[in-house]
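Asks: Sequence:
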Amino acid sequence: MKPNKVAAVTMAWNSPVLLKKWVEHNAAAYGRENLFVISHGDDPAQAAVAEGTNYITLPREFNAEFDAIRWRFLSNYASGLLEYYKVVQVNDVDELIVLDPEVGTDRKEYLLSLADQGHFAPVGYDVLPLNGDQNNLAGLDWDKPLSEQAPYAVLRARFCKPCIITAPVEMMPGGHSLKHTKFKVDSALMLAHLKLLDSALWQSHYDTLAHDARIATRRARTRDERIPRGIRGFGRGADQVRALIETGMDRPFDLKAAPGDAASFLNQRLELIYEGWRVEPRDEEEYIIRLAPRYIGAF
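Plus 4 on top of the position in the sequence shown (first one is 1) and you've got my numbering.
I should point out that these hints are in silico values taken from the structure, not numbers from a laboratory. Values in this document were obtained by computation on a predicted structure and should not be read as measured data. Don't take every hint at face value.
[Claimed, not checked] Listed next, the in silico DSS-like pairs over lysine-lysine satisfying Cα-Cα at most 30 Å (straight line):
| hint | residue 1 | residue 2 |
| --- | --- | --- |
| 1 | K112 | K24 |
| 2 | K112 | K9 |
| 3 | K199 | K188 |
| 4 | K6 | K148 |
| 5 | K9 | K90 |
| 6 | K112 | K186 |
| 7 | K90 | K186 |
| 8 | K199 | K112 |
| 9 | K9 | K183 |
| 10 | K199 | K148 |
| 11 | K188 | K9 |
| 12 | K24 | K6 |
| 13 | K148 | K9 |
Let's have the full structure, built from the sequences with the hints guiding it.
Replies: Okay, here's the thing in structure tokens:
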């Protein structure tokens, strides 16, 4: 019989600040010994902040199929862990899973309660660097709760990722959907996507990825190989991240919904799921929130 344990898996490179936050957030829920950090290339700074976790270094290989290969590996690895764990969480290093404090404070026990009910996606939000009506890009302290410094969020359907799995699955690139497998959006869970919080933090990382992506794209073209959509996004580098931040911060805030309200809306679209499926609501603009007081300090 499997023990009543939850594992969390991520893959990262050149992201020690984000990895530290991811490790601390999940260690508090599951224990460091149940965290699995895959480093896509040697990275001493990452290794230091991941001390006490199950840390594995893979060769730094980057080609046009990078994202597909990465998620094929993560699918197989996370599925294998289900031989030893009842539930596995697998997500990117810039994503934190938060249990609604009104539902409970023990995320591990809550996820274990889902173990016989299929696969689940949290309600996905971009957390925005705003403080009241003032833009607050400077002075973000990553050693303090981010929700206290950035209390606004906007619903992002593509981040309603089925990252809570209870049986072997095949995840699609980006982790945005499951191949031929249904899942539900759980209103008690929130995915806080941190990518838009600090453009300076991402500058070097994304410019490096963009450089690698452009090289990989040129090689693929010379061989007349297919160039996946994902690699094009990497090729846009830090400029794309800054543009997303500016777009989000210029958006008028109409604070109508909380994560639970959004989940009920999103679940209307989950009756049939096909390969490559993801949640795509037409009314994302409606779901922009100021985090409820109970979420402040939760991440």
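Asks: Compare the structure with each hint and give your call.
Replies: Each hint, compared with the structure:
1. K112 - K24: holds (19 Å)
2. K112 - K9: holds (8 Å)
3. K199 - K188: holds (24 Å)
4. K6 - K148: Measuring from Cα to Cα gives roughly 35 Å; hence the hint is violated.
5. K9 - K90: holds (6 Å)
6. K112 - K186: holds (22 Å)
7. K90 - K186: The hint holds at about 18 Å.
8. K199 - K112: holds (25 Å)
9. K9 - K183: holds (25 Å)
10. K199 - K148: holds (17 Å)
11. K188 - K9: holds (21 Å)
12. K24 - K6: holds (29 Å)
13. K148 - K9: Roughly 28 Å separates the two Cα atoms, so the pair holds.
Checked against the numbered hints given earlier, the structure breaks only hint 4 and satisfies all the rest.
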